[in-house]
Amino acid sequence: MANPPYKWISQRVRVREDRRFLTGQGRYVGDIRLAGMLEVAVLASPYAHALIKSIDVEDAIKQPGVVLAITGADLARDTDPIPQFLDLPRVRWYSLATDRVRFAGEGVAAVVATSRAAAEDALDFIKVEYEPLPALADPEAAMAPGAPVLHPDHGSNIAWQGAWTWGDVDGDFRRADRVVKTRLRWSRHSGVPLETFGTVAAWNSRLELLDVWASHQAPALSAQISTVLRFPSNRIRIHADLDVGGSYGAKRGQKQIALTTYLAMRTRRPLRYLEDRLENMAAGDGHGPDRVFDAELALSRTGECLSLRLHTVDDVGAYVGRGPLQIAKCITAIVGPYRIGSVRYSGLAVMTNKTNQNPYRGFGQSPHNFVLERLMDMAATELGLDRVEIRRRNLIPPEAFPYLIPSGSRYDSGDYPAVLDKALALAAYPNLLRFQAEARSQGRCIGIGIAACIEPSGANTAFFALMNPKHKTSLVPEGARVGVDSRGKITVAIGFASTGQSHETMVSQVIAEVMDIAPEEVAVIRADSLAGIPSVPPTGSRMSLMLSGAVLGAAQKILAKMKRIAAHNLGVDPETVEYAGGVFRRKDGSGAGLAFAEVALIAHTRKHQMPPDMEGGLSELYVMEVPGGGHLPDVAGRMQSYPAYTFSVHIPVVEVNPRTGEVRFLDYFAAHDCGTPIHPDIVEGMVYGGIAQGIGAALFEKFVYAEDGQFLSSTFMDYLLPSANEIPPIKMVEHVTPGPHHPFGAKGTAEGGYLTAPAAVASAVEDALSPLGVRVTELPMTPALLLALIGNGRRR
Amino acid sequence: MKPVNFDYAAPESVADAIRLLVEARGEAKIIAGGQSLLPLLNMRMARPSLLVDLARIPGLDEVRLSDGWLEIGAMTRHAVVEAHPLVRRHAPLLAAAASFVAHHQVRNRGTIGGSTAHADPAAEEPLALLALDSELIAEGPDGAAKWPIGAFFRGPMTTALADAQVLVKLRVPCRGPSEGWAFREISRRRGDLALAAVAVWLRREDGICRDLRVALGGVADRPVRAKAAEAALRGCAWEPQIVDKTPALLEADIAPGSDVHATADYRRAVARELLVHALNEAWERVGELSPHC
Numbered sequence: 001m002a003n004p005p006y007k008w009i010s011q012r013v014r015v016r017e018d019r020r021f022l023t024g025q026g027r028y029v030g031d032i033r034l035a036g037m038l039e040v041a042v043l044a045s046p047y048a049h050a051l052i053k054s055i056d057v058e059d060a061i062k063q064p065g066v067v068l069a070i071t072g073a074d075l076a077r078d079t080d081p082i083p084q085f086l087d088l089p090r091v092r093w094y095s096l097a098t099d100r101v102r103f104a105g106e107g108v109a110a111v112v113a114t115s116r117a118a119a120e121d122a123l124d125f126i127k128v129e130y131e132p133l134p135a136l137a138d139p140e141a142a143m144a145p146g147a148p149v150l151h152p153d154h155g156s157n158i159a160w161q162g163a164w165t166w167g168d169v170d171g172d173f174r175r176a177d178r179v180v181k182t183r184l185r186w187s188r189h190s191g192v193p194l195e196t197f198g199t200v201a202a203w204n205s206r207l208e209l210l211d212v213w214a215s216h217q218a219p220a221l222s223a224q225i226s227t228v229l230r231f232p233s234n235r236i237r238i239h240a241d242l243d244v245g246g247s248y249g250a251k252r253g254q255k256q257i258a259l260t261t262y263l264a265m266r267t268r269r270p271l272r273y274l275e276d277r278l279e280n281m282a283a284g285d286g287h288g289p290d291r292v293f294d295a296e297l298a299l300s301r302t303g304e305c306l307s308l309r310l311h312t313v314d315d316v317g318a319y320v321g322r323g324p325l326q327i328a329k330c331i332t333a334i335v336g337p338y339r340i341g342s343v344r345y346s347g348l349a350v351m352t353n354k355t356n357q358n359p360y361r362g363f364g365q366s367p368h369n370f371v372l373e374r375l376m377d378m379a380a381t382e383l384g385l386d387r388v389e390i391r392r393r394n395l396i397p398p399e400a401f402p403y404l405i406p407s408g409s410r411y412d413s414g415d416y417p418a419v420l421d422k423a424l425a426l427a428a429y430p431n432l433l434r435f436q437a438e439a440r441s442q443g444r445c446i447g448i449g450i451a452a453c454i455e456p457s458g459a460n461t462a463f464f465a466l467m468n469p470k471h472k473t474s475l476v477p478e479g480a481r482v483g484v485d486s487r488g489k490i491t492v493a494i495g496f497a498s499t500g501q502s503h504e505t506m507v508s509q510v511i512a513e514v515m516d517i518a519p520e521e522v523a524v525i526r527a528d529s530l531a532g533i534p535s536v537p538p539t540g541s542r543m544s545l546m547l548s549g550a551v552l553g554a555a556q557k558i559l560a561k562m563k564r565i566a567a568h569n570l571g572v573d574p575e576t577v578e579y580a581g582g583v584f585r586r587k588d589g590s591g592a593g594l595a596f597a598e599v600a601l602i603a604h605t606r607k608h609q610m611p612p613d614m615e616g617g618l619s620e621l622y623v624m625e626v627p628g629g630g631h632l633p634d635v636a637g638r639m640q641s642y643p644a645y646t647f648s649v650h651i652p653v654v655e656v657n658p659r660t661g662e663v664r665f666l667d668y669f670a671a672h673d674c675g676t677p678i679h680p681d682i683v684e685g686m687v688y689g690g691i692a693q694g695i696g697a698a699l700f701e702k703f704v705y706a707e708d709g710q711f712l713s714s715t716f717m718d719y720l721l722p723s724a725n726e727i728p729p730i731k732m733v734e735h736v737t738p739g740p741h742h743p744f745g746a747k748g749t750a751e752g753g754y755l756t757a758p759a760a761v762a763s764a765v766e767d768a769l770s771p772l773g774v775r776v777t778e779l780p781m782t783p784a785l786l787l788a789l790i791g792n793g794r795r796r
Numbered sequence: 001m002k003p004v005n006f007d008y009a010a011p012e013s014v015a016d017a018i019r020l021l022v023e024a025r026g027e028a029k030i031i032a033g034g035q036s037l038l039p040l041l042n043m044r045m046a047r048p049s050l051l052v053d054l055a056r057i058p059g060l061d062e063v064r065l066s067d068g069w070l071e072i073g074a075m076t077r078h079a080v081v082e083a084h085p086l087v088r089r090h091a092p093l094l095a096a097a098a099s100f101v102a103h104h105q106v107r108n109r110g111t112i113g114g115s116t117a118h119a120d121p122a123a124e125e126p127l128a129l130l131a132l133d134s135e136l137i138a139e140g141p142d143g144a145a146k147w148p149i150g151a152f153f154r155g156p157m158t159t160a161l162a163d164a165q166v167l168v169k170l171r172v173p174c175r176g177p178s179e180g181w182a183f184r185e186i187s188r189r190r191g192d193l194a195l196a197a198v199a200v201w202l203r204r205e206d207g208i209c210r211d212l213r214v215a216l217g218g219v220a221d222r223p224v225r226a227k228a229a230e231a232a233l234r235g236c237a238w239e240p241q242i243v244d245k246t247p248a249l250l251e252a253d254i255a256p257g258s259d260v261h262a263t264a265d266y267r268r269a270v271a272r273e274l275l276v277h278a279l280n281e282a283w284e285r286v287g288e289l290s291p292h293c
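So the sequence lines, in the order shown, correspond to chains A and B.
FYI, the numbering for the first sequence is 1 to 796, going by this note's numbering.
FYI, the numbering for the second sequence is 1 to 293, going by this note's numbering.
One or more hints might be untrue.
[Unchecked claim] Which chain A residues face chain B? A few, computed with CB under 7 Å, are given here:
(1) E120
(2) D294
(3) I727
[Said to hold, decoys possible] Okay, derived cross-link-like pairs now, PhoX-like style, lysine-lysine, Cα gap no bigger than 25 Å in a straight line:
(4) A:K62 - A:K7
(5) A:K127 - A:K181
(6) B:K2 - A:K62
(7) A:K53 - A:K7
(8) A:K127 - B:K2
(9) A:K607 - A:K557
Calculated directly from the structure, the hints in this document are not laboratory data.
These numbers were taken from a predicted model, which means no experiment stands behind them.
Every residue gets a Cβ at the ideal spot worked out from N, C-alpha and C, and that includes glycine.
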């Protein structure tokens, strides 16, 4: 960015979190040591679906080191069910199965012992008698009449269904010259964290509080624990001075936290439940969307997109956590970056014998973008248009902003053609095409992918009400408290734990910019849940907008107060005072100034020098609200959702070996517009990491269930994450269209890499194999799948 | 993921190791580098009462020449097999196979003897040993035992080793003049176990393939020889029309399975694909290095 108007914003200042992570000083749930702390192990069901005929923990309790052993019956007796995000009163969810297990790996009993090894030893002594039932591992089979029902009281496996129509969809389809239609499969995968889910809970008898440390990213955690334990939320203290070792949406841990806090309350002993990898993979409730899509795009002869019809069946697993709400999130940007005049969107959330679905980076926007971009590639092929050209013809033009999409959101700003052009220039696209043509003439399968993508940011979750009318969320606040002490030193308190996105650095940059000091001078602490800082953790690419807005707001309140104190002491009107370079002085430059630290000293110790009606001290809380928020959806399901819209174009270049199905990256180009980048290194890190996850989704990652519901991907030998060997060097170019809803013009940026890459890589692989008649409709594109598609294509 | 309680012993001689194994009456497991055993222990899929660690027995990691054979101690780490000058010179196929084993960290700990005794049908080094017609030497309560490699593997994770026998040495014939070799593998990611792998050894004289051995991994319940393909090429001039027909001859010698990584059809297809490349590479490689043995 050339000559930014800021001193600290957009600068590559030292990322203050790096030091602790690079020197091994991260503090995770596994690092917490409390005197006398016990450990928990959970007995997993070997069946995907079975009735529990009997369960006996008596022998386990007698084993060395064992303090307590419980079953689901204890939880059903002593606690309320875990809150679910859809309105399903007859689906009762507890941390341990009560009378029926609903997925392989579901917990049926828990042991508390002096060590995890002792607890695991004791599990061998629990006797369970099961009556196996037929299991469901396919959502469409689970919807079929006569299918076994997971929750008989609920009566069917359908947790939710709904449909919305925005605009004259049927008319647009009638008027269309061409309709492209496809069925697509997005496979279950997720942001598998390096650190599994863990909770430490301890009854604090001194303060009569329940202390909780959890490796979570869960909004409203105190309220959830309060509901389950029937215990007041102001006596649950959730510590945020903790590092969370990876999440990207998956770290909700509702049942794990409920179990651990229950056991701590029951034993009145500090204890920890830290999942091992097998538990995390099979039963951690951390799997992402698992969808079947039927999609249709109506087009004019010239490639103008008229209307979209989209139906999705989402496999949400055995119980309903936050995952199914991902079906509705894409309504925020249902048309992507394209002018599509009308949309019909319908879906079902179906329960199967799998661990619960939870959010994954982008909250369902990545599969949605995969669908949109697959349709664009199909349309280009069928109309005989260039894949870049058809996108260019449909991009929302820069003069159209703010742009109202059919589902009610207004995109804030953007220059999509400019970003597309930057991506093409970065890739030297004409040269790439020439290279591809030459290579093809030598029999090589070179593919150039293209995908564009909207990343909604700022997390307005009012769309929850579309799927659950009782979920009336029209406020998603983020607070920050800025304090200046008597020496003039600044501390900012924020209210959530680090999941690795360098928020402390961002906070220090915002304060440095406003207070005109160096970022290193700012202290940032993480206040616990009882400190009175409203916070929703990092979700929906919200913090660059929401946290920076909160910090800015609080800092401005402090400065305004300090100006009044300075004016009082300078004997002038506050309106005539300005602050710069650490000194308050008259705007005309005349007279003496008052240093920042002097004003702070007055505010803390010299009432006689303060304006008479002013409170002492310098401490201000500011609660940032989502710009344009505050409303629930209208009757047609329209709403202003997320406030800020980031845009990306990716161009990966691959070579596919047509005889082995292996995919090799030759290059990867990305253009990205997230408004003003607050810290360019952090933005790049977000995009690179997201692309790596997107490549994982495109080529490697899948949670596989056998037909009988057995889980086949419980280790990293079976669930393949891309490593440094598989991720190509990424070349990236930025474009800046300032966001109008933020003082510095920032937008969110945490998801775009993952939102764009799966679609882009699918496009590249399909392009490579298009001479062989291959169409990509399913991820991940394993070598075996591609070789089979090549074989089918040749036979056709 | 915590192992059951077990005792641990680190004897300083093979004889002591054998005595401990006999005393444990089948309840003991030998640990070499631990790269396969530790996950099995942690997942409680293996529940031995005793681990007998071979790490402190002197001499088990020696690499040396003996009468035209390269002798490699069973405790030799994969990283040493990969880089050792004697292995690279006299059994370059084996060094190449070792370079495909997992990642640096695993190669620094895991051992060639451990991998061979573990007998994963997709492991790399056993293929090279098979193609090179190696010998395996063990010691046990009844003295020493020796197997040609072809008689060693009995099925997945199953070998000819009896309960208290300790694999101590692998003997590989030194590369002679006119010999070529190749190792090819396809795996999901670099460092993963093979979906299919091929090791080729051959001797080329006067444009004739005098002898060859082809070993395949990942496509049966153990490392297998491509006997039909070998027979088609042995004693023949190296004509493309003969070489290109060998993939069709694999069918009788392989029996691939399906898993989360690939179907049986895929494994069959890429084994065929790898075979031709590996054969031609081995043929071309003859004379590339001059062995002194």
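Quick rundown of the hints versus the structure:
1. E120: 5 Å, holds
2. D294: Violated. Min distance 26 Å.
3. I727: Violated - the Cβ of I727 of chain A stays beyond 7 Å from chain B, reaching only about 11 Å at its closest.
4. A:K62 - A:K7: 66 Å, violated
5. A:K127 - A:K181: 53 Å, violated
6. B:K2 - A:K62: Within the cut-off at roughly 20 Å; holds.
7. A:K53 - A:K7: Outside the cut-off at roughly 68 Å; violated.
8. A:K127 - B:K2: 20 Å, holds
9. A:K607 - A:K557: 19 Å, holds
The structure shown violates the earlier hints numbered 2, 3, 4, 5 and 7.
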